[in-house]
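Trainee: Take the first sequence: its letters are residues 1 to 492, numbered as in the numbering used here.
These are computed hints drawn from the structure, not numbers from a lab.
Treat the hints with caution; some may be incorrect.
As the list claims (entries may be wrong) - The calculated lysine-lysine pairs, modelled on PhoX-like cross-linking and capped at a C-alpha distance of 20 Å, are:
(1) K137 to K226
(2) K347 to K483
(3) K164 to K13
(4) K185 to K137
(5) K483 to K461
(6) K142 to K185
(7) K185 to K158
(8) K347 to K492
(9) K13 to K371
(10) K142 to K158
(11) K459 to K483
(12) K158 to K137
Said to hold, decoys possible - Have a look at the derived ranges for each label pair, beta carbon to beta carbon:
(13) L239 to S324: 18 to 24 Å
(14) K347 to K226: 47 to 53 Å
(15) R11 to P208: 38 to 44 Å
(16) R419 to G143: 48 to 54 Å
(17) S10 to R343: 40 to 46 Å
(18) K492 to R419: 25 to 31 Å
As the structure is a prediction and not an experimental result, all values here were calculated from the model.
All residues carry an ideal CB built from backbone N, CA and C; glycine is no exception.
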Amino acid sequence: MGLHLYNSLSRRKEPFEPLNEGRVGVYVCGPTVYGHAHLGHAKSYVSFDVLVRYLRYLGYSVTYVQNITDVGHLTDDADEGEDKVAAAARREQKHPMAIAEYYTRSFFEDMDRLNCVRPDISPRASGHIIEQIELVKTLLEKGYAYEVGGSVYFDVAKFTEYGKLSGRNIEEMIAGARIEPSPDKRSPADFALWKRAEPNHIMQWPSPWGMGYPGWHLECSAMAMKYLGRTIDIHGGGLENQFPHHECEIAQAEAANDAQFVRFWLHNNMVTVDGQKMGKSLNNFINLKQAFSGSHERLTRAYDPLAVRQLILNSHYRSPLDFSDAALFAAQSGNDRIAEAVRGLRKRIADAPEGQADADVLGRLEPLRTKFEAAMDDDLNTAVALSVVFDLVRLANSLLDDGDTAPGSLTAVYEVLERLGGDVLGVVRGADVQAGGVDEERLDGIVRILIEQRAAARKGKDYAAADAIRQQLDAIGIVLEDKPDGTVWRWK
RNA sequence: GGCGGCGUAGCCAAGUGGCCUAAGGCGACGGUUUGCAAAACCGUUAUUCGCCGGUUCGAAUCCGGCCGCCGCCUCCA
Numbered sequence: 001m002g003l004h005l006y007n008s009l010s011r012r013k014e015p016f017e018p019l020n021e022g023r024v025g026v027y028v029c030g031p032t033v034y035g036h037a038h039l040g041h042a043k044s045y046v047s048f049d050v051l052v053r054y055l056r057y058l059g060y061s062v063t064y065v066q067n068i069t070d071v072g073h074l075t076d077d078a079d080e081g082e083d084k085v086a087a088a089a090r091r092e093q094k095h096p097m098a099i100a101e102y103y104t105r106s107f108f109e110d111m112d113r114l115n116c117v118r119p120d121i122s123p124r125a126s127g128h129i130i131e132q133i134e135l136v137k138t139l140l141e142k143g144y145a146y147e148v149g150g151s152v153y154f155d156v157a158k159f160t161e162y163g164k165l166s167g168r169n170i171e172e173m174i175a176g177a178r179i180e181p182s183p184d185k186r187s188p189a190d191f192a193l194w195k196r197a198e199p200n201h202i203m204q205w206p207s208p209w210g211m212g213y214p215g216w217h218l219e220c221s222a223m224a225m226k227y228l229g230r231t232i233d234i235h236g237g238g239l240e241n242q243f244p245h246h247e248c249e250i251a252q253a254e255a256a257n258d259a260q261f262v263r264f265w266l267h268n269n270m271v272t273v274d275g276q277k278m279g280k281s282l283n284n285f286i287n288l289k290q291a292f293s294g295s296h297e298r299l300t301r302a303y304d305p306l307a308v309r310q311l312i313l314n315s316h317y318r319s320p321l322d323f324s325d326a327a328l329f330a331a332q333s334g335n336d337r338i339a340e341a342v343r344g345l346r347k348r349i350a351d352a353p354e355g356q357a358d359a360d361v362l363g364r365l366e367p368l369r370t371k372f373e374a375a376m377d378d379d380l381n382t383a384v385a386l387s388v389v390f391d392l393v394r395l396a397n398s399l400l401d402d403g404d405t406a407p408g409s410l411t412a413v414y415e416v417l418e419r420l421g422g423d424v425l426g427v428v429r430g431a432d433v434q435a436g437g438v439d440e441e442r443l444d445g446i447v448r449i450l451i452e453q454r455a456a457a458r459k460g461k462d463y464a465a466a467d468a469i470r471q472q473l474d475a476i477g478i479v480l481e482d483k484p485d486g487t488v489w490r491w492k
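Could you build all of it, start to finish, from the sequences and the hints given here?
Mentor: What follows is the structure, given as structure tokens:
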């Protein structure tokens, strides 16, 4: 069938083919770094992470660009608001670049924990002022922009296709606008490419129009062009940015280049928390650090980043997702089950790695792989893809329960589970990642001594002593499980 | 006010004209196993897809109305 993606531009699913055979350029709108990443960021970046992972699974060579906005994003789209990073800098009494650096690191840290692969390029807006000025100059030369008192605006009336992505027309927008039009603009729909900076404005750069700073929409066009060319295969972003941000990106890039800017526009839907839009005033604003540590009044416990990831992938990227403690809890239980099965496989394979796989097992794996690919090909249906992972988990556990299973069969199941659940969906943690951070090998030795003492007590039918050992270990988070071939321990 | 989306079991969620007498996960219940547990495995858990009407041989899926929820249009991923 081949990969099909829902293209916001055509409003339907289309077969995906890259412009250049074998190579795909992906640009995703990155965060504005003025605060810690929250659940909304998680949904967006996990969704596009899976897109990139799946493209690579299909054999494409992917260049993944995701910007970091550290300047120009105002608190008010009427172009009168304050720069968000500058506002945070004033609040925290730091230099804006220190704010940007701090929250950029925080963002990468959270994305790493969510098991998102790092973008190949994470360009900063402030590092591409020259490119942005060049783009403005081009737009002025071609008559798509005009300067007023040191600021430059895009003349929307000149770009007749403005509105094609979001399905709006300019007249309606102006009629329904709730914001005060800037007196400098020819039309309320025009947007800033370059803004004149007042002398006390911290972030400003010299330009042909005097000291100033770039408009928010400009960076994405300039940086996407620079790293991915005039026409890029896939541009992703949040649905809320479809208008005006992405519409403006198209206008800038296509007016400057006379070429289609983006072939596939992908938009992921929004998140709610406990059924309502996440907002600071509603007391349901949960950032990722809070989710991972459980330090929020809406949460009953800390959640593994992979549980957050799994909850996101349990629904479609174009559907809204409601985060709730109950939903996170369910995802955590499910992810624990996957992790347990993987752990069991790794242990048995380490003990006896060699051997032929059973033909019956191979015969059961093939349809699962096919089902997985069909689901992912259908506009990244991760919910169905995840169901395949659970089918694999059940198969793995059945084989593990059966002492006669050929080691080769376990290896075969493990490889598929790693490939689909690990490489593509990223809900299986790599074997090299330590779970606790403690010296597990030494701890294992200690717990084994206790297991032996308990085994001796059980042999002597002193169940009170045996249970006491288990209960005391349980109290510090270590669970003992009696299996047919002996007792094993794990973290609760 | 303008535009768009959603409403599927206790909860999350896939499916969008016949293979659906509706995936998968969580939870619950029963069974196997166990000293007891835990985990795992097996089974049960929506004759029904917000409500009403229509189109069709056939609808969760298409159309109309109604009710409810949400989002965008204003910074947001």
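Trainee: Mind listing which of the numbered hints don't hold for this structure, in increasing order?
Mentor: none
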